[in-house]
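K.L.:
Letter by letter, the chains look like this.
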Amino acid sequence: MSTTTEAQVVLRLQGITKRFGPVTANEEVSFDLHRGEVIALLGENGAGKTTLMNILFGQYTADAGEVELFGQPLPPGAPRAALDAGVGMVHQHFTLADNLTVWENIVLGVDDLSGLSLKPREVKSRIRALSERFHLKVDPSAKVGRLTVGERQRVEILKALYRDAKILILDEPTAVLTPQEAEALFATLEEAIATGLSVIFISHKLHEVMAISHRVLVLRHGQLVAERATDSTNREELAALMVGAEVAAPSIESAAPGAPLLSLREVSTPDHGAAPGLKSLNLTLAAGQITGLAGVSGNGQAALSDLLSGLITPASGEMMLAGQSIKNWSARSAIAQGIARIPEDRHKTGTIADFDLTENAILETYASRFSRRGWMDWARARAFTKDLIQTYDVRCPGPDIRIRLLSGGNMQKLILGRVLEEEPQIILANQPVRGLDIGAVNYVHEQLAKARDRGAAVLLISEDLDEIMQLSDVIHVISEGRLSPGFARGSMRPEELGGWMAGHGFDAEATDAA
Amino acid sequence: MDLFDILLSASFWAAAIRIASPLIFATLGELICERAGVLNLGIEGIMVAGAFAGWIAVWGGLPLWGGVAVAMITGMMLGLVHSILSVPFGLSQHVVGIGLTLLATSLTFYTYRVVLPEVSSPPKITAFQPYEIPLLSDLPIVGPALFSQTPLTYAGFVLAGLTAVVLYRTPLGLAVRAAGENPAAVAAQGLSVTAIRMGAVIVGSGFMAVGGAFLTLSAFDSFFFDMVNGRGWICIALVVFGAWKPGKAVLGAVLFAAFDALQIRLQQTGIGAVVPYQVFLMLPYFLSILALVVMSRRAEIPAALMVPFNKGER
Numbered sequence: 001m002s003t004t005t006e007a008q009v010v011l012r013l014q015g016i017t018k019r020f021g022p023v024t025a026n027e028e029v030s031f032d033l034h035r036g037e038v039i040a041l042l043g044e045n046g047a048g049k050t051t052l053m054n055i056l057f058g059q060y061t062a063d064a065g066e067v068e069l070f071g072q073p074l075p076p077g078a079p080r081a082a083l084d085a086g087v088g089m090v091h092q093h094f095t096l097a098d099n100l101t102v103w104e105n106i107v108l109g110v111d112d113l114s115g116l117s118l119k120p121r122e123v124k125s126r127i128r129a130l131s132e133r134f135h136l137k138v139d140p141s142a143k144v145g146r147l148t149v150g151e152r153q154r155v156e157i158l159k160a161l162y163r164d165a166k167i168l169i170l171d172e173p174t175a176v177l178t179p180q181e182a183e184a185l186f187a188t189l190e191e192a193i194a195t196g197l198s199v200i201f202i203s204h205k206l207h208e209v210m211a212i213s214h215r216v217l218v219l220r221h222g223q224l225v226a227e228r229a230t231d232s233t234n235r236e237e238l239a240a241l242m243v244g245a246e247v248a249a250p251s252i253e254s255a256a257p258g259a260p261l262l263s264l265r266e267v268s269t270p271d272h273g274a275a276p277g278l279k280s281l282n283l284t285l286a287a288g289q290i291t292g293l294a295g296v297s298g299n300g301q302a303a304l305s306d307l308l309s310g311l312i313t314p315a316s317g318e319m320m321l322a323g324q325s326i327k328n329w330s331a332r333s334a335i336a337q338g339i340a341r342i343p344e345d346r347h348k349t350g351t352i353a354d355f356d357l358t359e360n361a362i363l364e365t366y367a368s369r370f371s372r373r374g375w376m377d378w379a380r381a382r383a384f385t386k387d388l389i390q391t392y393d394v395r396c397p398g399p400d401i402r403i404r405l406l407s408g409g410n411m412q413k414l415i416l417g418r419v420l421e422e423e424p425q426i427i428l429a430n431q432p433v434r435g436l437d438i439g440a441v442n443y444v445h446e447q448l449a450k451a452r453d454r455g456a457a458v459l460l461i462s463e464d465l466d467e468i469m470q471l472s473d474v475i476h477v478i479s480e481g482r483l484s485p486g487f488a489r490g491s492m493r494p495e496e497l498g499g500w501m502a503g504h505g506f507d508a509e510a511t512d513a514a
Numbered sequence: 001m002d003l004f005d006i007l008l009s010a011s012f013w014a015a016a017i018r019i020a021s022p023l024i025f026a027t028l029g030e031l032i033c034e035r036a037g038v039l040n041l042g043i044e045g046i047m048v049a050g051a052f053a054g055w056i057a058v059w060g061g062l063p064l065w066g067g068v069a070v071a072m073i074t075g076m077m078l079g080l081v082h083s084i085l086s087v088p089f090g091l092s093q094h095v096v097g098i099g100l101t102l103l104a105t106s107l108t109f110y111t112y113r114v115v116l117p118e119v120s121s122p123p124k125i126t127a128f129q130p131y132e133i134p135l136l137s138d139l140p141i142v143g144p145a146l147f148s149q150t151p152l153t154y155a156g157f158v159l160a161g162l163t164a165v166v167l168y169r170t171p172l173g174l175a176v177r178a179a180g181e182n183p184a185a186v187a188a189q190g191l192s193v194t195a196i197r198m199g200a201v202i203v204g205s206g207f208m209a210v211g212g213a214f215l216t217l218s219a220f221d222s223f224f225f226d227m228v229n230g231r232g233w234i235c236i237a238l239v240v241f242g243a244w245k246p247g248k249a250v251l252g253a254v255l256f257a258a259f260d261a262l263q264i265r266l267q268q269t270g271i272g273a274v275v276p277y278q279v280f281l282m283l284p285y286f287l288s289i290l291a292l293v294v295m296s297r298r299a300e301i302p303a304a305l306m307v308p309f310n311k312g313e314r
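Sequences listed follow chains D and S, in order. Okay, so the first sequence: first residue is 1 according to our numbering, each after it adds one. Okay, so the second sequence: first residue is 1 according to our numbering, each after it adds one.
Quick caveat, the hints were computed from the structure, so don't treat them as lab data. Careful: at least some of the hints might be erroneous.
[What the hints assert, rightly or not] Each computed DSSO-like pair below joins lysine-lysine, with the alpha-carbon atoms no more than 30 Å apart:
1. S/Lys-245 - D/Lys-124
2. D/Lys-124 - S/Lys-248
3. S/Lys-248 - D/Lys-119
4. D/Lys-143 - S/Lys-245
5. D/Lys-279 - D/Lys-143
6. S/Lys-124 - D/Lys-348
7. D/Lys-166 - D/Lys-143
8. D/Lys-137 - D/Lys-119
9. S/Lys-245 - D/Lys-119
Using the sequences and the accompanying hints, generate a full structural model.
P.N.:
Here it is, written out as structure tokens:
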């Protein structure tokens, strides 16, 4: 590619302003994207990134400003215009239909609706070629409903690539990939960039932003507050720009473990469709310790968290709580035993979207703490919720609004508060910071460390290896339902853990044991 | 005549296929609506309106196929009413559907009285006659059962095949299925969820009305009040029974119809003398519930069924 084409502007935003009632979501946002360039869009939740992208895709109409694509003005409020011009977007909340197969989801909307045939064979072979080239392993004939979160993300990326997108917008694309997969994605993205693809990269992971972008734009309260060439900035500066103040990740010291609170001995659970069950798993959660569980999604994390939440029972093996063998295991008894859960999907299993904050705050304890003789004690529930909002810094208009109106970070803070207020002995934190911004991530991590320090046993399930390594006192890796031995903090390099995540080492372990 | 003889007789199966035909049309119609995410409880009323519209058109001088077309158009217009209320306005689909059933039924009876103020018994028309398909109708049992039906029955089976092909093999069908599962996925591709859902409800309602018209134009030759008699509600169950798949739904319709044909014949056997006939009338419904329990436990309901789609809501 010659340098003249490199400088070609493919996308220009000019003075975009968007208001929702009294709230200004975007104010006078202007920037250019060049051919073959990667722009990172940084900003906390609620900074206006999503609104900006929705304006680009015609879901909202801007109150002021213009969008130009490849030199042509983009008609406002026309959803297909951006797509047809070659803009692809990988959404953070997946836009996939569960009852359709992978290839059906990818081809949805590609052909004109008056078309006579879907040509499945051609489509599938093209998908296979793409997934090989971009190392996005997925079976085109599988039903999306059976896929894990990680696999769905890959389908979303393939969906954009399938349309030969010239501009690709990635919203938190690596949240569910292993370090190796993320590396592979970056490598192939770079390859595609060299051939002229332009990328807008929305991420909270500063090291990724530093690694892949050419330019960084920082949004705060709907305004573009800073623009930096990636070469001339660093992570600390970006973090400070994003939240408007210097932030430091909490430094979490390791702690000596206490008594074992919960242990699993040779526990197995049945496979669930494509998701593997647990295979003779041995695990001990000790008081005053954070146990990290690393692994690519869909390798048995779901089975383990379902087991600990009492949603499934072991098919074989033994579960011990504080030295006692457990019988009649159920969700009710898990709650009664003080196992607190921060669920993986806060929208689906953590909250009820159309309930207000108060109702969501007392979901698990309404019967025991907030009712008297069979009647709800709403005054107490509201007071409790107000306390939570204050203590855990949930930013919201008040306890009476529906929780669906909250941003992910604030929703998670409420869940965290609801869980930690009970002072639980065992905390199951499943992807507690997925999709959260730095401020919220640090907050959640601090709170988990605090709970550990007062003697709780924490199981942290995450696909983000950095998070696992930063927080955990002991690290296990799960792969296809098998669990690695526990590694002490700092004893393993990321690449070594990545090897275990890819399934290496388990067989040697088995031979050693035999 | 014992059970075995009944099940082996061609006339039994011919009756089963005939009874199944209106159910097939209406079930396909309901299935299309539900696949797009809209429960259409207007089905019962739309069938009544279709039965009347087709019959009165033929009585007024149109050819039989013209009557089918009039029924179809009537159904589509009622479908338009349903879809405007349930899709862009996002009103409760239960209330809209039941309301439409009441409206369509009453409107039909009213129109009947306006058009035929004086008659005590409704006039008869010349209905569709059985058409024996050459060669195929000569096969033993299968011939008279399947290939000596009226053209409208054949049309029902062709329509089932067509619906399956469109749903599973075309971009349009893909968009319809996606709209019923995750409308956000459809919107993200720049397609209009509103247009897709409204179109599905309108077309589906047209099929329902043809199902109703089958009763007046093919099964019988006149229009009676209460002739639809809950068939619409059966079709709602048949969609579930068929796990929202056209082939299985047709199978369910034939199975239900076979139970119905069987109970009539059982009434004339030795047991019929002992057991009250109401028990036999109950039989197809009872067996259908059993079949529903067995067959549809693993069925995957369209995830966005009955969920109105608001663009931009989180």
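K.L.:
For each hint, tell me whether it holds in the structure or not.
P.N.:
Hints, one by one, checked against the model:
no., hint, result
1, S/Lys-245 - D/Lys-124, "23 Å, holds"
2, D/Lys-124 - S/Lys-248, "27 Å, holds"
3, S/Lys-248 - D/Lys-119, "24 Å, holds"
4, D/Lys-143 - S/Lys-245, "16 Å, holds"
5, D/Lys-279 - D/Lys-143, "25 Å, holds"
6, S/Lys-124 - D/Lys-348, "58 Å, violated"
7, D/Lys-166 - D/Lys-143, "28 Å, holds"
8, D/Lys-137 - D/Lys-119, "22 Å, holds"
9, S/Lys-245 - D/Lys-119, "21 Å, holds"
Hint 6 alone, counting from the list given before, is not met by this structure.
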